[in-house]
Amino acid sequence: MIRVFGCRRFHRLASEREDRQLTSREAKFFETHRSRCADCGLYDTQAHQALDVLRGAAFTEVELTPMFDERVIRKFRAQKVKESLRYWSPALAGAMIACVAIFATLAMVSRPDQLKQANLPGGSASRFHEKSAFPSFELSAMPRFVR
Amino acid sequence: MIDARFISGVVADPVAQERQWVSRCRQGDEIALGYLIDRHRSRLIRTATNLLRDRHEAEDVAQESFLKAFREIAKLRDDRAFSGYLYRICVRLCMDRLRLKRAELVEFDSAQPHEGGKVENRVVIEKLLAQLPAELRTTLVLREMEQLSYEEVAEVMRVPIGTVRSRLHTARERFRKLWIEAVGE
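Chains U and A are the protein sequences, given in the same order.
Using numbering that gives the first Met the number 0, the first residue of the first sequence is number 0, and each one after it goes up by one.
Using numbering that gives the first Met the number 0, the first residue of the second sequence is number 0, and each one after it goes up by one.
Next comes chain A alone, as it looks inside the complex (with noise of 0.2 angstroms):
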């Protein structure tokens, strides 16, 4: 049933107000499903684009979230955790994008140091990041750059808080290696 007060307008609240777009868009609501992707599509495209380093594929992997979401969204028992719900849909279809492109490993050429500006900064990044495996190239963006805490990362990733340590030390780790080998130190 929807809340009247919700109708018009005057729940603050903005988990209730979730909560009633997602009863709604369970119901096929068209507009409901247009309020829940204006609310989340910016954070899923900046975690998919940090993730894949790569914004158009960012654009597709936030669609097919929100497409798997709203075509299981009858299955969420609990409307509140929609938004973990489908942040997770995204970072697992990362992950799975992620793995496939590991095969087609591009080498990085140490030989040549860059100078460290900004956009090389972030193409150099780019390079490093191909070269580790998924999981823990996920738990690194996942902590360092979209700012998660242990708990979220295990959470979204569906692990212990103790492979998230692990995780995050082993990539840390080797990221450190890759990035000192690259700047030719």
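Same shape as in the complex, but just chain U (with noise of 0.2 angstroms):
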């Protein structure tokens, strides 16, 4: 087949042809080239087809799955609350380590076994206890027959 002048702007303008209407000038030279080139006829004939095709493939309308609404609404909500986690997790961990030096120090400082024994005070100490006025509650003093 004679490989006339002019292919690659035949192609490139059977392409644009998709998009814009041609010049006037573009449009004459489109039909002169492809009546005296087959390559050319058959490339155009072939793309045009191959096109065609390609948008009868679209799907123009898609059935939706119920609840798609509910199940996006739901994942935002879980979204968030997780971001929300995210973003409060440094001050929650913060605050854990900050509780958990509080206690072993309070604990540290209450046992008196671990204190210095030059802290202590001297001599001793006992407390007044007075005996109490209210009888106590013995049951072995208590009459057999009331037990």
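It should be emphasised that the hints constitute simulated quantities derived from the structure, not laboratory data.
There's no promise every hint is true.
[What the hints assert, rightly or not] Here chain A is said to cover these stretches of chain U; the calculated rule only asks that three of the stretch's residues, wherever they fall, bring their Cβ under 8 angstroms from a Cβ of chain A: (1) 43-51; (2) 64-73.
[To be verified] Here are the simulated BS3-like pairs of lysine-lysine, each with C-alpha atoms no more than 30 angstroms apart in a straight line: (3) A:Lys74 with U:Lys74; (4) A:Lys126 with A:Lys176; (5) A:Lys100 with A:Lys176; (6) A:Lys100 with A:Lys67; (7) A:Lys100 with A:Lys126; (8) U:Lys81 with A:Lys74; (9) U:Lys74 with A:Lys67; (10) A:Lys74 with U:Lys79; (11) U:Lys79 with A:Lys176; (12) U:Lys74 with A:Lys176; (13) U:Lys27 with A:Lys176; (14) U:Lys81 with A:Lys126.
Quick reminder that beta carbons are idealized off the backbone N, C-alpha and C, glycines included.
Fit chain to chain and form the complex, with the hints in mind.
Written out as structure tokens, the structure is:
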């Protein structure tokens, strides 16, 4: 087959013709070239056919699955909770570490055997204990028949 | 501030209406969230289906797009831009999936020319599109199936119009060759 000068331009115009109207000069070149070059004529037919099939295979309407909206909203809520947890987790971890540190310090301080002996007061101390005025309840002192 | 006319349902302009819903959504209103999903889901799922050729995957992508858009809605400067913003996210997510899919590309058996039924055509188209790189495939689908203009494709893909033009030319040429191989002409 004889290749005619301008095939590249023809191919470009064949593609552009799908999107815009060619100028009269371009259209004239296109038609003249198409009538002279059999290869380009075939190219144009095939290109058209391929694009027609592609357009025909497009989905124009899609069936929606039920509850799509609800699922998105539910996921959005979960996402918000996760994000807020992620936001606050460093602060929570810090607070927990601080709490542990405070408890550990308090536990150490409150142990008397860990304190220095020199810091303990000397002598002995006793608490005044007043005998209770109320009678004590002793089971053994009760008569047998009451028990 | 929410327009009183809007609450009473008098606002007819869909752009103004959407702006109001977006601003309500930014404040965490779930009714607004539902409205925006309802308004955009069909288009989003349809585009994702055309790009990915898989309805279930398309729904996943649409869902992911909504979640991403709502998460970042505070960053959106212009409420009117929400629709384009959402669409862009969806196309980007589809492109990411296409790039991953391309690694596990299925070879097309060109030795058996197909008959040309509508369902069969869809299957063939799916296999042919799978052989195009993600950028070319997306450009071709947005232009030929979604009927977007050059400007819209350029905006969605964040590339200059010249790039869209050259990509489209290359994509059409490659698709034509693949199609000829497939039909065995």
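Hint check:
As drawn, the segment 43-51 of chain U meets chain A at 5 residues by the rule of a beta-carbon pair under 8 angstroms; at three or more, the given contact holds. With 6 residues having a beta carbon nearer than 8 angstroms to a beta carbon of chain A, the segment 64-73 of chain U meets the requirement of three or more and the stated coverage holds. Restraint check for Lys74 (chain A) and Lys74 (chain U): the C-alpha separation of about 20 angstroms stays at or below 30 angstroms, so the hint holds. With a CA separation close to 13 angstroms, the supplied pair Lys126 (chain A) and Lys176 (chain A) stays within the 30 angstroms bound.
With a CA separation close to 22 angstroms, the supplied pair Lys100 (chain A) and Lys176 (chain A) stays within the 30 angstroms bound. Restraint check for Lys100 (chain A) and Lys67 (chain A): satisfied, since their Cα atoms lie roughly 22 angstroms apart, inside the 30 angstroms limit. Of the pairs offered as hints, the one joining Lys100 (chain A) and Lys126 (chain A) holds, with about 12 angstroms between alpha carbons and a cut-off of 30 angstroms not exceeded. Among the hinted pairs, Lys81 (chain U) with Lys74 (chain A) is consistent with the structure: their alpha-carbon atoms are about 19 angstroms apart, no more than 30 angstroms.
Taking the CA atoms of Lys74 (chain U) and Lys67 (chain A), the gap is about 11 angstroms. The hint holds against a cut of 30 angstroms. Pair hint Lys74 (chain A) plus Lys79 (chain U) holds up; C-alpha atoms about 16 angstroms apart against a cutoff of 30 angstroms. Distance restraint check for Lys79 (chain U) and Lys176 (chain A): the Cα-Cα separation of roughly 49 angstroms exceeds the 30 angstroms cut-off, and the hinted pair is therefore not satisfied. Simply put, Lys74 (chain U) and Lys176 (chain A) have alpha-carbon atoms about 44 angstroms apart, too far for the 30 angstroms limit, and the pair is violated.
Using a Cα cut-off of 30 angstroms, the hinted pair Lys27 (chain U) and Lys176 (chain A) holds, with the two alpha carbons roughly 26 angstroms apart. Between the alpha carbons of Lys81 (chain U) and Lys126 (chain A) the distance comes to roughly 39 angstroms, so the proposed pair goes past 30 angstroms and is violated.
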